[in-house]
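My request is simple: use the sequences and hints to build the entire structure.
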Amino acid sequence: MILFRTVTKIYHSSRKPIVALQDVSFQVQKGEFVSIAGTSGAGKTTLIRLLIGEEKPTRGEVFFERKSIHRNQKDLQKLRRKIGVVHQDYKLLSLKTVAENVAYVMQVIGASDRDIQRDVPQILDIVGLTERAANFPEELSGGEKQRLAIARALCHRPEVIVADEPTGNLDLYNTFEIVNLFKKIHRLGTTIILATHNKEVIIGLDRRVITLEEGKLIRDDPQGKFIL
Amino acid sequence: MFTSLKRIFKFGWQGFLRHKGLSSQVIFIMTVAVLVVISLFLFQGLSEFLIAEAQKKVDISVYFKKDTSENNILEVKQGLYKFSTAIEDIRYVSRVQAQEIFLQKHQDDPLYLQALEEVGENPFLASLNIRTKDPVFYAQISDYLVEGPFKNLVEKVSYYQNRKVIVRLFSIINNVKTAGIILSLILGILVILITFNTVKLTIFTSKDEISTMRLVGATNWFIRGPFLVQSIIYGILAVGIASLIFFASLNFLNSRLQTWLLDFNFLTFFQENFLSLLLIQFVFALGLGITSFLLAVRKYLKV
Ligand SMILES: Nc1ncnc2c1ncn2[C@@H]1O[C@H](COP(=O)(O)OP(=O)(O)OP(=O)(O)O)[C@@H](O)[C@H]1O
Ligand SMILES: [Mg+2]
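Quick mapping for you: the protein sequence lines, in order, are chains G and E.
Okay, so the first sequence: first residue is 1 according to our numbering, each after it adds one.
Okay, so the second sequence: first residue is 1 according to our numbering, each after it adds one.
It is worth saying that the hints were derived from the structure and are not from the lab.
Some clues are possibly wrong.
With a Cα cut of at most 20 Å, we get these calculated SDA-like pairs of lysine to any residue [what the hints assert, rightly or not]:
1) LYS302(E) x ARG81(G)
2) LYS78(G) x PHE222(E)
3) LYS145(G) x SER211(E)
4) LYS207(E) x GLN77(G)
Short, incomplete list of chain G residues facing chain E, as computed with Cβ under 7 Å [stated by the list, open to error]:
5) GLN77
6) ARG80
7) ARG81
8) LYS91
9) LEU93
10) LEU95
11) VAL105
12) GLN107
13) VAL108
Derived contacts from chain G toward chain E, CB cut-off under 10 Å, selection only [as the list claims (entries may be wrong)]:
14) HIS87
15) LEU92
16) SER94
17) ALA153
We put the CB at the ideal spot given by N, CA and C, even for glycine.
See below:
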């Protein structure tokens, strides 16, 4: 379903070029639950940006459902609607309320008003934000923002959920809840890619782990090993 | 399709309400832009009016020798009509009429009446008053009268006496016209640039929102649409406010300005041209708003 083929990403920063990913190749099948592990700066976020076409690879190619992401600018938006992303920096819509943030994603895919009215309160209840439905993102705590970002990634039932450090701002209890939520969604058939440097989370999942180090893919274990 | 449209309108209205500070900035600057356009339109009307007034006041009079018969004069009149299609009208003033006009003008002035009496006979000459569609023809016509087939009948042509003044007057009018056009262009470009910049700043504050919308898969029109709706709201408000300001200030100033400007009535002009003026304002305001918003948003749709 997802294929990275010898992908290299070099950022041309103001000082010297930074190699964020180097010759990374891997494949994710439909229905898999893959964790991407790696220390800070290893290239996890970069990998996700390439997957959703936010950045272009310097070399190599990224495919989603056999289509090259960076060659089909026209299909890019359609493709993005199939992937729910929890961004590390949340990327919430600051002029919309909590409920509207969730609803927006459903409006983008063309869901009916009835579905939106039914699903949004449900998903807000799941992430525990019912009380905050009418607040604006800037009025939320860090953890609340993160849960909103998660709600927004789930609400339209995308084929793939990509989560970049989705538990970074959550306490132990909430982390556990969210991981369980991901497990449940995965059991319903959704492909999940989870980038994190949280050892407990990865070990608790006991699933495939891809480990990045300084931009290189150094390990691809079928089951729950976290070695740094 | 319909749902999307409905949502776009709703988002646009929401953005307008929630972005109050920025909205008022954009409305302010667009109102100023519309005011400039109305002023230019009025200025155009005023200068046309003043030019027409000036042209009316300038004419050629041909005075005929005392013993010229009326038939001869009417023959000249016919000849002139044939001579040029540029002639607007020719008025014949006989010697008797000329005297009557003089008497009427000075009826309360015993000194003039006395002088006239002393002369004894009617000292006035018969004349033709000629007005042309464009002052450039005056020279031609007066040459024709002085040197053409009727030169023996003609005593004098007033154009020769006033030529310098007339030429000066029309060169001034032409200069004012050119200056007006240049000034309008500069002002117009200025307000357009300022509006563009204000809108650019407004959109800059939404740049993260726009890229986030792209990242969740919204189509460009779904993102642009609300801004388009907003720019239409801004345009309509700007036109409304500008018209109100204009109407109010004209009501207040009109009588004062009118006495200065040879009886040009701004209020009547405004009312008479209300529809075309409104159309111009809307086309300008909406065109300006929509293009500046589309251009400003486009930059952030590249994600
Ligand atoms: N826009 C950018 N311009 C220049 N360099 C960048 C940019 N984004 C990331 N980098 C660099 O690329 C490398 C990989 O960054 P990336 O964000 O992918 O790391 P990460 O694994 O997500 O780290 P973390 O766990 O801290 O989120 C880092 O060294 C970073 O400094
Ligand atoms: Mg990261």
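Hints violated by the structure (listed by number, smallest first)
Failing hints: none at all.
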